[in-house]
Amino acid sequence: MLKVADLHVYYGNVHALKGISMEVRQGEVVTLIGANGAGKSSLLKAISGLVRPKEGSITYEGEDLTRLAPDKIVSRGIAHVPEGRRIFTNLSVMENLMVGAYQRKDKRQLKHDYEEVFTLFPILQARAEQMAGTLSGGEQQMLALSRAILSKPKLIILDEPSLGLAPVMVDTVFDVIEKIRKNGITILLVEQNAHLALEASERAYVMETGEIKISGSSRTLLQDNKVVEAYLG
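First residue of the sequence shown: 539, per our numbering; consecutive thereafter.
Honestly, the hints are just simulated from the structure, not real lab data.
Among the hints, erroneous ones may be present.
Subject to a maximum C-alpha distance of 27 angstroms in a straight line, what follows is the list of computed DSSO-like cross-link-like pairs (lysine-lysine) [said to hold, decoys possible]:
1. LYS649 to LYS720
2. LYS717 to LYS649
3. LYS643 to LYS592
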């Protein structure tokens with residue numbers, strides 16, 4: 539579904555991604571783990587068109603996305619939930635959801651999808667007219683996830699969905715991630731809680747200083763001594 543081949547990204551003279559190659563197959567949950575500064579978010583941003591690689595390619599369903607604008611990438615069926623959620627704090631909950639659906643023309647199905655996200659997150663329906671900036675961190679993450687779902691993606695990219703959340707809210711978010719997967723949406727996940735990320739995924743890549751050092755099934759990596767020592771404690 540998604541293939542990244544020999545990707546290099548620079549920020550000025552800083553070589554952030556050094557020849558990254560990886561893939562995500564349809565229907566999978568694939569996770570990227572690694573320390574802060576390993577390049578995980580840079581890889582996600584490159585896939586979404588938010589940063590431009592200097593070398594390499596990004597292919598999605600057979601189409602080269604490497605030079606495509608972010609809005610065109612969204613229209614291909616890729617939604618990105620960024621670190622820090624990045625909701626529009628000065629808009630209402632409902633207006634944020636409408637932004638997620640702005641490219642859609644299927645009004646009847648869209649109405650059904652609004653109902654679906656309100657079923658996943660009833661609190662959002664109760665606060666539909668509330669300004670998004672007044673929501674708690676957990677509620678903002680619910681809103682960010684719902685906004686992505688409403689773009690009707692085939693692939694959702696999640697960057698640190700549990701960051702800053704209370705444990706009970708982390709459980710809620712990962713329950714929803716599992717429901718999203720069961721609905722047939724493919725997921726590429728970056729998550730600070732490596733154990734939780736590996737438990738929630740089929741395959742994983744371990745990144746260090748802009749390179750992939752280890753890859754394999756999540757079950758295997760959960761039992762890999764090097765991974766356990768470095769990331770799982």
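Right, here's what the structure says about each hint:
no.: 1; hint: LYS649 to LYS720; result: 21 angstroms, holds
no.: 2; hint: LYS717 to LYS649; result: 19 angstroms, holds
no.: 3; hint: LYS643 to LYS592; result: 35 angstroms, violated
Consistency with the previously given hints fails for number 3 only.
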